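Q: No gaps in the numbering here: position 48 of the sequence shown is 47 in numbering that gives the first Met the number 0, and each next residue is one more.
Cut-off 27 Å, straight-line C-alpha distance, at most; resulting in silico cross-link-like pairs (DSSO-like, lysine-lysine):
#, residue 1, residue 2
1, LYS110, LYS135
2, LYS2, LYS105
3, LYS132, LYS104
4, LYS110, LYS48
5, LYS102, LYS48
6, LYS2, LYS84
7, LYS48, LYS84
8, LYS110, LYS132
9, LYS15, LYS92
10, LYS12, LYS2
11, LYS210, LYS172
12, LYS218, LYS155
13, LYS2, LYS92
14, LYS105, LYS48
15, LYS218, LYS165
16, LYS172, LYS266
17, LYS104, LYS2
18, LYS92, LYS72
19, LYS92, LYS48
20, LYS2, LYS48
No lab work stands behind these hints: they were computed from the structure.
Just so it is clear, the structure is predicted and the values come from calculations on it, not from any experiment.
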Amino acid sequence: MLKDEYVVQVASKGLKAIEIASSQEPPDLILMDIMMPEMDGYEVCRTLKSNSSTSGIPIIFISALDEVSDEAKGLSIGAVDYITKPFHPDIVKARVRTHMDLKVKKDLLEKMSHIDGLTEVANRRSFDLQYEKELKRAQRNQQPLSLIMLDIDFFKPYNDHYGHGKGDECLIKVASELQSIICRPGDLFARYGGEEFVALLPETDAVGARKIAEAMRAKIDSLGLLHEYSAIADHVTMSAGFAVKQPNLKSGETLLEMADKALYRAKAAGRNQVQG
Numbered sequence: 000m001l002k003d004e005y006v007v008q009v010a011s012k013g014l015k016a017i018e019i020a021s022s023q024e025p026p027d028l029i030l031m032d033i034m035m036p037e038m039d040g041y042e043v044c045r046t047l048k049s050n051s052s053t054s055g056i057p058i059i060f061i062s063a064l065d066e067v068s069d070e071a072k073g074l075s076i077g078a079v080d081y082i083t084k085p086f087h088p089d090i091v092k093a094r095v096r097t098h099m100d101l102k103v104k105k106d107l108l109e110k111m112s113h114i115d116g117l118t119e120v121a122n123r124r125s126f127d128l129q130y131e132k133e134l135k136r137a138q139r140n141q142q143p144l145s146l147i148m149l150d151i152d153f154f155k156p157y158n159d160h161y162g163h164g165k166g167d168e169c170l171i172k173v174a175s176e177l178q179s180i181i182c183r184p185g186d187l188f189a190r191y192g193g194e195e196f197v198a199l200l201p202e203t204d205a206v207g208a209r210k211i212a213e214a215m216r217a218k219i220d221s222l223g224l225l226h227e228y229s230a231i232a233d234h235v236t237m238s239a240g241f242a243v244k245q246p247n248l249k250s251g252e253t254l255l256e257m258a259d260k261a262l263y264r265a266k267a268a269g270r271n272q273v274q275g
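Construct the complete structure from the given sequences, taking the supplied hints into account.
A: Put into structure tokens, the structure is as follows:
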């Protein structure tokens, strides 16, 4: 009934449904019976709702249990809708369409909450969430994790003399060019705040981090964006600092603190350079 409009996957048991929902390509919506072998629909729903990675998937119960108490129970544990059997195909299609539309809008809002409104790269919130995840993953997998912090040199005088409109245009251009260098699926480039950006690079050692940081610095240097009020060049430049977290290296400083200090050294040494 639904396959003409949607890609449909079928699970004959509750555990299979949980497996599909927890996969790399989770469904946008789950339609589920309550009376199932081994694990009933209520238990499957509770399991999915208790896991942060699957809790956002809307669930519609379709069941022959038509008591008000059954429907109330299903909705109370997290289902978004309850359809009793026998059902009318047009009603099911209409309800599925409604919840799919809501899911699309919810996903869009969630995506927007992770995107910087000006530059359209990832924002600080997105970075903070990913940073914590990657720190734990690096420790678990015993792999290095690198972080690059970048700052546009003398951006305040740029804003003061050219105006905030031109300043915004500069930030948009710089962010776009830097984003083009961060191309691996697991990497993250984000606006950290103001004219400062960060790049999070899982499974990347010091050699790799320096190479990428230098490529980013050189990219902005080569653009030749006019900046007559910079103390070091006639165009826009960037300074960068990087740090690497080795899984077995105990340090009192966080990766962020180390990268920030490296960026400070790059500025103190004359700017438009990379320190790590």
